[in-house]
Amino acid sequence: MAAEQAVNLVIVGITLGAVYAVMALGLSFIYGITKIFNYAHGAFFTWGAYFAWMLSSGYLHLPYPAVVVITVVIMFFFGFGYEKAFMYPLRRFAGWDITAIIVTLGSALLFDNLALALFGTRAKRMPYLVEGNFVVGGFTITRHEVVTLIIGLAIMVLLILFLGKVRQGMAMKGVAQDQTGARIVGIPINKIFSYTFAIAAALAGVSAILLAPKILVYPTVGWVVFIKAFVVMVFGGVGSIKGTAIAAFILAMVEAFVTFYLGGIWGTPIFILVLIIMLTIRPKGLFGTW
Amino acid sequence: MVVSKILRKNAFMLGALLVLALLPIALRGNAHVLNILSACLIWGVVASAWDLSIGYASVWSFGHIAFFVIGGYTGAMTVMYLGIPPEAAIPLGGVAAAVIGILIALPCLRLHGIYIAMVTFGVHLVLSTFILRWRDYTFGATGLSGFERIQLGQYVFSSSVPFFSYYVIFGVSVLLLFIIYRVINSTIGLAFVGLRDSEPFAKSLGINEYKYKLIVFGISAFIAGLMGALYTSFYGTVSPFMLEVSTFLMVLIMLMLGGLGRFPGAVIGAFVITVLSEALRPLVLWRFVILGAIVITVMIAMPQGLMALPQTIKSFARRVTQRKQIKKDSIKTSSI
Chain A
1 MAAEQAVNLV IVGITLGAVY AVMALGLSFI YGITKIFNYA HGAFFTWGAY
51 FAWMLSSGYL HLPYPAVVVI TVVIMFFFGF GYEKAFMYPL RRFAGWDITA
101 IIVTLGSALL FDNLALALFG TRAKRMPYLV EGNFVVGGFT ITRHEVVTLI
151 IGLAIMVLLI LFLGKVRQGM AMKGVAQDQT GARIVGIPIN KIFSYTFAIA
201 AALAGVSAIL LAPKILVYPT VGWVVFIKAF VVMVFGGVGS IKGTAIAAFI
251 LAMVEAFVTF YLGGIWGTPI FILVLIIMLT IRPKGLFGTW
Chain P
1 MVVSKILRKN AFMLGALLVL ALLPIALRGN AHVLNILSAC LIWGVVASAW
51 DLSIGYASVW SFGHIAFFVI GGYTGAMTVM YLGIPPEAAI PLGGVAAAVI
101 GILIALPCLR LHGIYIAMVT FGVHLVLSTF ILRWRDYTFG ATGLSGFERI
151 QLGQYVFSSS VPFFSYYVIF GVSVLLLFII YRVINSTIGL AFVGLRDSEP
201 FAKSLGINEY KYKLIVFGIS AFIAGLMGAL YTSFYGTVSP FMLEVSTFLM
251 VLIMLMLGGL GRFPGAVIGA FVITVLSEAL RPLVLWRFVI LGAIVITVMI
301 AMPQGLMALP QTIKSFARRV TQRKQIKKDS IKTSSI
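Residue numbers (the working numbering), protein chains in the order written: chain A, 1 to 290; chain P, 1 to 336.
Just chain P, with the same shape it has in the complex:
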């Protein structure tokens, strides 16, 4: 009884999961497509973690790509210099990002909106300076590569072993998305939404704004950092190139396209944008011009994002029918 109810309620998500789980078998291990799918999943989780902060808590943190890169560097450097097994390095990347995220949250506690965005974005911009300066360990602009990967029997976790790697990423992503989903539907998520929708009222009910701001920074930075470490391990390289403004914008655009504060939206946006970006790759320099134009058009046409598409269409249809009705009525009255 309960099972069927859960199944019915989440039919869309479970269907999508099933498709994603079976797709590699249908594709018979087509390496290129599988790697694109892996990238979609990675960015989907990062965008969802970001959504937790921007969409649900309305904390305009622009530091998530910085957290992602911090996670990536931590993962690579702990393996390279400390000899930590690569399986353990991935959660360590998340922990490092979470610690830094909470440190960044401290000056943001009293701030709102655009000011948080700028402080965190500032951290993003400064990070590349530190990576470039700390050349002895980070190898500056060339970045790190050639560190030890996760190995399971004969399988290596890397983009050259797409079938195995896809399932690793799939597993981690589903787990993290489930955590995000649980957070959204817990009292913590409710507190985020309360603070977003009416801060004075939420505060009057005893919700501690500072505490939840720290929590949202911690959780979303942890997930972003963990994905960063996973990404680094998957591609076998990490460099300050990841901090380019275009990467930052791409992930933000995934989130906005999917719809802010509409949970699986960010994942859908990630799939659409990653595939689109891959399809536009032959255009080289014009790729980002076209992506920028698409974002602007989408935002003007449907500011609520893809997840709200059914509603947008419905309200549009209603408006059209109303207009027709009014026309009909006016013809009637004029004939009388």
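So that you can see chain A by itself, here it is in the shape it has in the complex:
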């Protein structure tokens, strides 16, 4: 009995971990490359979830593959436009890194409340990506969880390949290491910034699609996930995809067990405790590079 429960919790932990990893990678992408800490990332998640909801059970009832593709494309342009409209004009002045923090906070306020004004406080329900269960050796795993894990791992692999092999990805790494140096060798910083935000927003959209069916969609849903993604990012180390993935799985597993034994309300406090302990012992994170 206990073993069965433990296995179930491990499964929950692994799938949660995949979602947190995707979300944290977006956050870590923006922070690592542009050095802007994006407080609106939770709002990205919220809006990704609302877009997915509108496309699926809300209004249009599209088939799921179409929902995923359209949401990711919308979120990509959302992130791109966000950077162009809000972040780019800030860079005219010195000290833009501080104003950027406030603008991301302000836009979090804007987007959260826009969602509240447009959709109301009532939580929206989203259907699972795929219905049904697998039964393996007496344990039931929902197909949604399997798909979540596969998508999560695929995104990590794609990102590693993108940063390591593709020209644009390598340019991003260059900007992450040294912005002035990157500018000197002719990397178009403004373009890189925009695409970084675009990719990160798309990642937030993906994690929203994967997680929204389990936790419902409401205007402040993003903050909960955002905090966890931040702790994952710090724990794994900014700029390390491998570290982020490992941290996400560890923390999600801890969360699954804590939630089961102590109750759901302790999920966030445990994350904060882990964050404080990690930052006092090793501020760089497990595999921090940038």
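Because the hints were derived from the structure by calculation, they are not lab data. Bear in mind that the values here come from a model prediction, so they are computed numbers and not experimental data. Worth double-checking, as some hints may not be accurate.
[Claimed, not checked] Heads up, simulated DSS-like pairs for lysine-lysine below, C-alpha to C-alpha not over 25 Å straight-line: (1) A:242 <-> A:165; (2) A:35 <-> A:84; (3) A:124 <-> A:173; (4) P:211 <-> A:284; (5) A:35 <-> A:173; (6) P:324 <-> A:284.
Fit chain P to the known structure of chain A by using the hints.
Quick look at chain P alone, frame taken from chain A:
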């Protein structure tokens, strides 16, 4: 001689104080306006205390609303359960917040920038969990109310007695703002600015980074907690509702609008945002959407805040005239 010099140097601040002191008499005790003014003052002090930490010491503490709420709960609970007189409970709220502030500062000693922001913001988020869990004493989401207020003769300190209460808040605020002003202009404030502008250099001159980080957390948490207790006593209620992200953002926005590290700036920002927020209240849900849009626009247009407005206008005017000059010159040269 000295007096006239001080008067001239601080003409703006003294003028503002005089206006604030006389305004209630001019308003003949208009309750609604007086209560808004009281709120402006309270948030102005909280934002200024926050500025001490973010603007002057560049310690990105995001825990100030948590300190404010801790102060509020301490004030209310000591009165309710320990029977402490409400006058004494207000400074006690500050002390409790300062103790917790210093405890939070400990893991932050080795951290910088965004990491401090997240640890402290984490505390902010966790606080509501503890308040909800500790339901027997805090009454969970409903919060505390109906505790004893400060009483002076026939006057009660509460939002239903606006005239008297305004002057209490005015007095406390001026006192605390004066303390903040003195701290900024003392060696402590100088050390904060030194550590902010060039940490290695400040350290090489023997400024102890850890010590000043603890001091800035202590002072600003004390002031925030004291104001929290005052606020709680004024409105007669405290609940975890205060920990909503929107409250947090509103106060941060006051600070940024006024200008980081420009002392009375945060107070001006508090007045502007509180009045604006009150004016936008009929829009209900769209209020925060509009406030968010205003913040973004202001930050893009004048990132230095309102206190730097004269400079911003001057430099803008200079640029325009330069451009005209260049045009004139180019016309001249082309005609030659």
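Now for the hints, and whether the structure bears them out:
| no. | hint | verdict |
| --- | --- | --- |
| 1 | A:242 <-> A:165 | holds, 16 Å |
| 2 | A:35 <-> A:84 | holds, 16 Å |
| 3 | A:124 <-> A:173 | violated, 38 Å |
| 4 | P:211 <-> A:284 | holds, 23 Å |
| 5 | A:35 <-> A:173 | holds, 12 Å |
| 6 | P:324 <-> A:284 | violated, 51 Å |
The structure fails to meet hints 3 and 6 from the earlier list, while all remaining hints are met.
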